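Here the protein sequences come in this chain order: A and B.
In this text, residue positions in the first sequence follow the working numbering: the first is 1, and each later residue adds one.
In this text, residue positions in the second sequence follow the working numbering: the first is 1001, and each later residue adds one.
I should point out that these hints are in silico values taken from the structure, not numbers from a laboratory.
Hints may contain errors.
To be verified - Far from chain B by the CB rule (all over 12 angstroms, computed), these chain A residues: (1) 3; (2) 59; (3) 195; (4) 203; (5) 232; (6) 258.
To be verified - Computed cross-link-like contacts, DSS-like style, restricted to lysine-lysine with a CA-CA straight-line distance of at most 30 angstroms: (7) B:1290 x A:91; (8) B:1234 x A:52; (9) B:1290 x A:87; (10) B:1234 x A:199; (11) B:1237 x A:160; (12) A:30 x A:52; (13) B:1043 x A:94; (14) A:216 x B:1290.
What you are looking at is a predicted structure, and each value in this text was computed from that prediction instead of being measured.
Glycine included, each C-beta is placed from N, C-alpha and C at the ideal position.
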Amino acid sequence: MPANRFNGNSDYGVGIGLRVPHYQHIFEKKPVVNWFEIISENFMVDGGLPLKNLDQILERYRVVQHGVSMYFGSAEPLNREHLKRLKKLVKRTKTPWLTDHLCWGSVDGRYTHDLIPMPYTFEAAKIAAQKIREARDFLEVPLAVENVSSYAEFHVSEMKEWEFLNEVVEDADCGILLDVNNIYVSSRNHGFDPFEYLKSVPPERVAQIHIAGHTKYQKYILDTHDHPVIDPVWALYARAIEMAGPTPTLLEWDDRIPSFNEVHREALKAKRYLPAQLQEAS
Amino acid sequence: MNLEQLQRAVFEVTRQPLTPSERMRPRLPDGRLVREIANALIKPNDRMTSFERLQIYNQQYWFRIMGSLSEDFPGLRSLVGERKFEKLAVAYLNECPSESFTLRNLGSRLETWLRKHREYVAGVERVAFDMVRLEWADIDAFDSLDLPRFTATASGQLSGATIFRLQPHLHLLDLAYAVDDLLIHVRRLNARSETVSNAVIEFPKRTRIRRSSLPNPGKAYLAVYRLQGAVYFKRLKRDGFALLRALGEGKPLEEAIEVALLRPGRRVDRIGPQLQEWFQEWSSLGWFAKS
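Extracted from the complex, chain B is given alone in its bound form (with noise of 0.2 angstroms):
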């Protein structure tokens, strides 16, 4: 057996999701037998078995990808409940196992993928699914790239043609629930750990979270930003939200205004002091980018 074979087949087992006891399973989905293959695999000693020995790994695997997955996501947690959580997240990660060096990654598919498989979130599925969008909006806000702002002196240059550029970390959340006021709650009763490191997790560590009551059904237009390193959300007004959306299209701004503010009876002049408002005030939250 070569280091690419052996790697295959010790990742094959210590990515079975565990058992509900939190042991490694006895078989693999094909019906082989794990403690087979941990003999043909591993060493066992005086006091352990090579499943024993296997398990350990299997154990780490899940503990440190559960927690990290529990912790970015403390919202949906809050809303389907903790042993529904547990369940959605091991269906996750056993299909989408982790693509990069970081966990902080980790939860990048999961919106696709609860979209495929509503029956982790069946009852809450549209509440489920903002508060999926909003908590990765937040962890990407987080640590994404703030380029250079364009500048009020540069807005003095401004024309129908100009196009702006929107911050990487700006995310633009149309919710058909008001999620947000739920996730801050949530959030203020469970600290959030920022880093990785090289120990091993001892045991899950996941706090428990309390069940939420739903939020009522009603639009909001959410910006989530990042502002002097802390991560914000702010609601827009539906007119205001249609633009900056049509501007990081990458629309230019006349256009962008013409789509998204223009309706019939509807004037620019009309329209003017509004939109200085807009871009004074989104200017001065840095939400624009130089090109």
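Chain A with its partners taken away, still in its complex shape (with noise of 0.2 angstroms):
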């Protein structure tokens, strides 16, 4: 698959989240996946069967690290403490780029552990392309921000999310982690096109992909990563495949979690969207 500067020039294909319900699964049967994405905080301790396991993956897989808390988007400035832990992974897996969220979470030293929505402004765009080069230069690895789901838009708002979007990663010259189950989920519950949104991104910036599922209620749609792919999401990736070329691509699956043949099917179903020339070889 195509790579670029953003994913560390990597050609990864499609992975899956590394779950701890798989383990005993992957340690045993040993199968073969392109490669994991780990959740960087479930990895950032100091010992013990976290590292333990995650080394034994690491003999036989190709790691991808993918975090929940750097919070570029929260006004206050990054945590050395966490960036000391994260490039201490970095060292252990050898991630060959490195993903977090364009959101914010943290409040004057405070966490929330969500994932919440940028008011899209000016201001806002800069101080997290600033955070995001700062994270980047320390870490010394690739970086790429993800779009997240939203329940929720901003009065104070000056433009789109697909345009804060590009204002960050022009700015902070960075990678996206460009999430078509986030972005439909997004677009039900502010009523955009999803298509729109992707017609903007640029493709030269999509170091990765995420596809998942999610939850439907009466008047929202919750981005809870615990059902198969959709195919409207699924069309998505395939306008993506077809803007950015073949992307290494991740399936999300986190919660009432299959067995792991299962959520791999669903993950391999992404080569059905792939040229056909690059569908075997994948």
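Assembly of the complex is requested from the two constituent chains, each provided in isolation within its own frame, with the hints serving as guidance.
Here it is in structure tokens:
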């Protein structure tokens, strides 16, 4: 698969998220998987079973780190302790690129542990871009930011979400972890055309793509990662691949996790959307 | 309103505890109407008011941290019952919001907080304190540092001045109640999740725990430690516990023995075999680290 400078010029294909319920299957059956995505925070510890398991995975598989609490969009400075631990993990996993969310979630050193959408303002874009640059310079690895699912929009916003994303990634000169499920979820919650969002994404900056399932409620959709990917999300994925070319793709499944084989099968459906000549090779 | 002001305003609302029916409260503690704050911050859409949209984040915040704390302290839940635990957890998390990028540390201040708010564990204070200490030790032992072990070869060079360093994952707990048996029982019934993800929590998923009968009072000296990835609880004799604690405080071997073991009429040569047995066992369990 083609690679770019935002994913460390890596050619990874389709991967799945590494989750505890699958450890036994992976260690015993040693399935063929292109790569695993790990949640960095689960392994930013000093020792014990999490690192032991990770080392066992690293012996056989390629791993890419995905974070959930860097909070580039928080007004406060980056947490240095977080960065130091993250860098230690980067050295351990040798992740070719690293991702986290374009969102905020901490205030005055207090953490929400949530991914709260940004107010789409020029001030916020500048702050986020500055923090992304700072993190990348410290971590010494290519960095890509993920668009989040959102359930609220702020009055103070001065632009559309996709314009904000562009503003940030251009300023920070970083990659995009394009979550097509999140685009779909937000499009339904806020009433925009998801293809218009996709059209504005700079394809040359797409380092990775996320696909996932979600849950529909009467008035809104929640990004629950507990279902298979629905057809409209696959349609967005197909369009993203047309735009960006074959790109490292990752299926997220975090709740009501089915068997390893089921998750892997669902992820591999992504191969249908690759150009025919790459379907067998990937 | 700049970014900092907006984020403070949103956080102030989203960290307010939910109502008993798990909705956003209509007012902040200072009396301001949340509806007005939401209207000023959040756009409504054709299906939801600003209040309803902000409420999703308020609910997510509490579902996530309550779920995490509940998973980490099943023993305390079992002791006080689900309803009291919920009240206790809301009060604790309201007063001590997470100050760490990882949910792993959410309960790090629970024992200290609980000692100042005994009303939440009225009638079971001491056993509850013991349980919280044990559960926090268990969390910490699971993934804290494991230093290179102090080897048997090195122990041949021991003298009275030798200072032993205990492994960071080893916790020594003197308990007024033997809560370890109870916790093991409760944990058997409740599998523990050890991961975080970026998925939204659909609804509170805390499995209910049956309330346990109180253990009988009785001193227990416990070592909580990790071996080959698993956390174990080991009961110790009082003297052995005292010796380990003295060593853990950085006292040289001779002084630690003196403080912990020597009483009038008790000579070192009498306790020699016991010491040898202990040190062999503790070394084999990897409790000593290279200085």
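(message) So, against the hints stated earlier in the document, which numbers end up violated here?
(response) Hints 10, 11, 13 and 14 are the ones this structure does not satisfy, whereas the remaining hints hold.
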